[in-house]
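Given chain A, work out where chain B should sit, using these hints.
This is what each chain is made of:
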Amino acid sequence: MGLRRVVRTLSELCLTIGTLIVLFVVYVLYWTGVRADDAMREEIGRLQDRWASGPVAPVPAAGEPAPPPASPPAGPGSPGGDRAQGGDRAQGGDRARSEARDQDAPPPAAAGEAPPPAPRTAHRPGASFAVMYVPRFGTGWAKPVLQGTGTDVLKRGLGHYERTAGLGERGNFAVAGHRRTHGDPFKDLPALRPGDAVVLTDGTTWFTYRVDTHPYRTLPDDTAVLDPVPARSGYREPGRYLTLTTCDPEWGHSHRLIVWAHLDATRPAAQGRPGALSG
Amino acid sequence: MYGWIWRHLPGNAWVRALISLLLALAIVYALFQYVFPWAEPLLPFNDVTVDNGLPAGSAMTEWR
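Note that the protein sequences, when read in sequence, are chains A and B. Under UniProt numbering, the first residue of the first sequence carries the number 1, and numbering increases by one thereafter. Under UniProt numbering, the first residue of the second sequence carries the number 1, and numbering increases by one thereafter.
Bear in mind the hints are in silico, worked out from the structure with no lab data behind them. Some hints here could point you the wrong way.
As the list claims (entries may be wrong) - Counterexamples of contact, computed for chain A against chain B with all Cβ distances above 12 Å:
id: 1; residue: Arg41
id: 2; residue: Glu42
id: 3; residue: Glu43
id: 4; residue: Ala52
id: 5; residue: Arg136
id: 6; residue: Gly140
id: 7; residue: Asp152
id: 8; residue: Gly159
id: 9; residue: Gly177
id: 10; residue: Ala191
id: 11; residue: Gly234
id: 12; residue: Pro249
id: 13; residue: Gln271
What the hints assert, rightly or not - Coverage of chain A stretches by chain B, computed from C-beta distances (three or more under 8 Å per stretch; other residues unrestricted):
id: 14; region: 26–40
id: 15; region: 44–50
id: 16; region: 194–202
id: 17; region: 209–221
id: 18; region: 236–247
Note that the Cβ used here is the ideal one computed from N, Cα and C, for glycine as well.
If we strip away everything but chain A, and leave its shape as in the complex, we get (with noise of 0.2 Å):
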């Protein structure tokens, strides 16, 4: 009798725990997901909102979410900056209207308020403040960026790293985000190419990235990556960049996957979205 409760017990026991473990694989690559999705669509839905409305706008982003936008049509990669940096070429055409460029000249839309940066850096921690969208990743792919890389950020969408430049300011405006459940938001970084365009809008410019290098792989506590010039990156002076990191291999945490990008072109809001994400 005593034998037969044991084993019993047991059975009951591998019963449970292997229950509980399939549960948590549920959690883990489902419900996640499910969650991030839900809390993404919803940061998306208020930025859009609060751009709508707000005085954030000079100039509310009226044609912001329509699809088929007056923007000219531009070939892939076509917008090219001036700088020599990899794979940008001069190709005239749309690169009048694709005012600013790099560090020499300040966003149009920033023209006034150039000077003094900062107010838009004070994000709350936690907040979102814009959007990004990435065509490499499908073109339905967009992404609130949120103030902060704590992980309850992270569930909610990209986090940008509060120490680094703001969005399209000089130095390194730097996102994390992750690259394995709660959405999967980075899944296929390593898919990106010099020359793709990363597009990010905070309801007054849009900005037109340009990935400048292949997905480069660190350690997880190569802070340089993120300094104003990245020495890795293969710039040299100091410029408007972007960095984008994410954790590598796909399912591990041994190391970090790095994108580079500069900034190469803004455009209003009001005039709709960039060439880049029309095609």
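Quick look at chain B alone, frame taken from chain A:
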């Protein structure tokens, strides 16, 4: 374990089955709502930053 629970539930077999179902659902809810969110950061999928949450404020921003 499960036999012990079953024997201590009130009512006839149907009522017991219903209560068992509710118990199971409550446990799953508690797991998804509280236990798993606590356990998940202990796994490696969350480490996507290069500074692992160093305090903000150190000078990395380059002002013009």
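- Task: List, from low to high, the hint numbers that the structure doesn't satisfy.
- Result: 7, 8, 9, 12, 15, 16
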